[in-house]
Structure formats: structure tokens, C-alpha cells
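Chemist: Could you build all of it, start to finish, from the sequences and the hints given here?
The listed protein sequences correspond, in order, to chains X and P. With the first letter of the first sequence counted as 1, position 18 gets the number 18 in the numbering used here; the numbers rise by one all the way through. With the first letter of the second sequence counted as 1, position 79 gets the number 79 in the numbering used here; the numbers rise by one all the way through.
In short, the hints are calculated from the structure, not lab data. We put the beta carbon where it would ideally sit given N, CA and C, even for glycine. One or more hints might be untrue.
What the hints assert, rightly or not - Simulated crosslink set (SDA-like; lysine to any residue; CA at most 25 Å straight-line):
(1) P:Lys103 with X:Leu67
(2) X:Lys69 with P:Asn119
(3) P:Lys19 with X:Ala53
(4) P:Lys21 with X:Ser13
(5) P:Lys103 with P:Asn54
(6) X:Lys69 with P:Val101
To be verified - From the structure, some residues in chain X lie toward chain P, with a derived Cβ separation under 7 Å:
(7) Ser12
(8) Gln33
(9) Ala63
(10) Arg64
(11) Ala71
(12) Asp75
(13) Gly78
As the list claims (entries may be wrong) - Pair ranges (Cβ atoms, derived):
(14) P:Tyr73 with X:Gly78: 32 to 40 Å
(15) P:Ala82 with X:Tyr43: 14 to 22 Å
(16) P:Pro98 with X:Ser2: 27 to 35 Å
(17) P:Glu71 with X:Asp17: 48 to 56 Å
Residues per chain are reported as follows:
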Amino acid sequence: MSALHTISGSPSSGLLDSCLKLICPGDGILLIQDGVYYGCPPYLLNCVSRDYAIFALREDLLARGVLSKLAERIDTVGYRRFVELTIDYDKVISWS
Amino acid sequence: MQHKTLTFITRQAPYGNNKAKLVMDAALAAAVFEQQINFLFMDDGVFQLIQNQNAEFILSKTTSRALETLELYGIEQVLVDAASLQERHIAADDLSIPVRVLKAEEVRQLTANSDVVINL
Numbered sequence: 001m002s003a004l005h006t007i008s009g010s011p012s013s014g015l016l017d018s019c020l021k022l023i024c025p026g027d028g029i030l031l032i033q034d035g036v037y038y039g040c041p042p043y044l045l046n047c048v049s050r051d052y053a054i055f056a057l058r059e060d061l062l063a064r065g066v067l068s069k070l071a072e073r074i075d076t077v078g079y080r081r082f083v084e085l086t087i088d089y090d091k092v093i094s095w096s
Numbered sequence: 001m002q003h004k005t006l007t008f009i010t011r012q013a014p015y016g017n018n019k020a021k022l023v024m025d026a027a028l029a030a031a032v033f034e035q036q037i038n039f040l041f042m043d044d045g046v047f048q049l050i051q052n053q054n055a056e057f058i059l060s061k062t063t064s065r066a067l068e069t070l071e072l073y074g075i076e077q078v079l080v081d082a083a084s085l086q087e088r089h090i091a092a093d094d095l096s097i098p099v100r101v102l103k104a105e106e107v108r109q110l111t112a113n114s115d116v117v118i119n120l
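Modeler: Okay, structure coming up:
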């Protein structure tokens, strides 16, 4: 069963490291709230295998002024796609 | 009134929680009493300085506008830790207000020479 991992804390929270302990092939990562800062210094996501899709919520990026700095491999999504993702994956695991 | 040197260290990103606002409010309150104030952005606190924020997208208030009030309240020592900027790939051009960039040793001296350090 696939999972969408939502990360809502900034890199200093260490949430991505915790998430990576549980992540399985076929899972995806969605950066929301302060989690979107993980996409800004792009190297922070180098530890995430290319096998995993990474998304970030556009509204949270715009609010924080960091959309233009985003790592290339990240797909930005709006709220509608956010909801669709929660349906596309079998379950949601929330990291906060 | 006796003058003291107060250093406020803000280490949290904006919007995720209210700590950034708490430090700012405390510093502005202290400035009213004409104390010597240092205001230092460190760790995730440097994200507060990024320009072109617009919190309307998350139905919130854009906090970077409040940064301009520091100068209005007579807080001249607005400082940022160089390493925190560097780690996050934030350049001087990315910042919304003028700040003085401090090296690690200068940051250490700043707190060493302060009577009170408030750190959130």
C-alpha cells in the first residue's frame, strides 16, 4: 500500500530524516507549511532517492517567498491537486 | 533609568508558529524603554528576511512588513548570522531589509557583551 508523506516542519525539525526511515518504493513526499523550506537549498533533498516523487504546496511557497528558489525535481501543486494526491495514494502519513 | 544591552535572537521561520512574532513584539516593547537593543536573525529565523513574501496565499499576515518597524522603533542593530544564510543558500540580494551580516566570532561577542539574551 502506497503512502503520501506530508512534511510540515522546516529542515531543522529533522522530519525528513524520520520520514526516510519509513518510506517505501511507490511512496511520495508532499512538502507543506514550513516543510516547503526543504525545497529551497536544493541539496537538502539529495538524500531522497529519485524513485520518490516530491511535491510542494504552491500557496505555502508563495507565502514564504521561496517559489523561485525551488529545487528542480519538485512538482508544485495547488490545494486541488493536494486533495487528489491524498486519494491517489492509499494512505497519508503526516510528519509534523 | 539604567540602560542595559538586550539581545533578541529570533531562530524560527515565519508562519509555522508564532515564536517569530513573540520575539519581535518583545524587542519592540523593550525599545520603547530606550534600552540598547540588538536584534539577531539566526538559524531558521533568516527565512523571515526573504523578500517577496505574501501570506495572503495562506490567509495570514505577511510578517516581513513588520520587520520595517524595527527601524521605526529605533532598533538600529539589526543583525544576521552569516553561517545561517550560507547554509540555506540565501544571498544578500534575497533580503527585504538592510541587515548587518555577522561572522561566528562576532555573534559570540554580541551575546557575551549583552546583559540579557532573549532567545526563541
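Chemist: Going through the earlier hints one by one, which of them does the structure break, listed in rising order?
Modeler: When the structure is compared with the hints, numbers 1, 2, 3, 5, 11, 12, 13, 16, 17 turn out to be violated.
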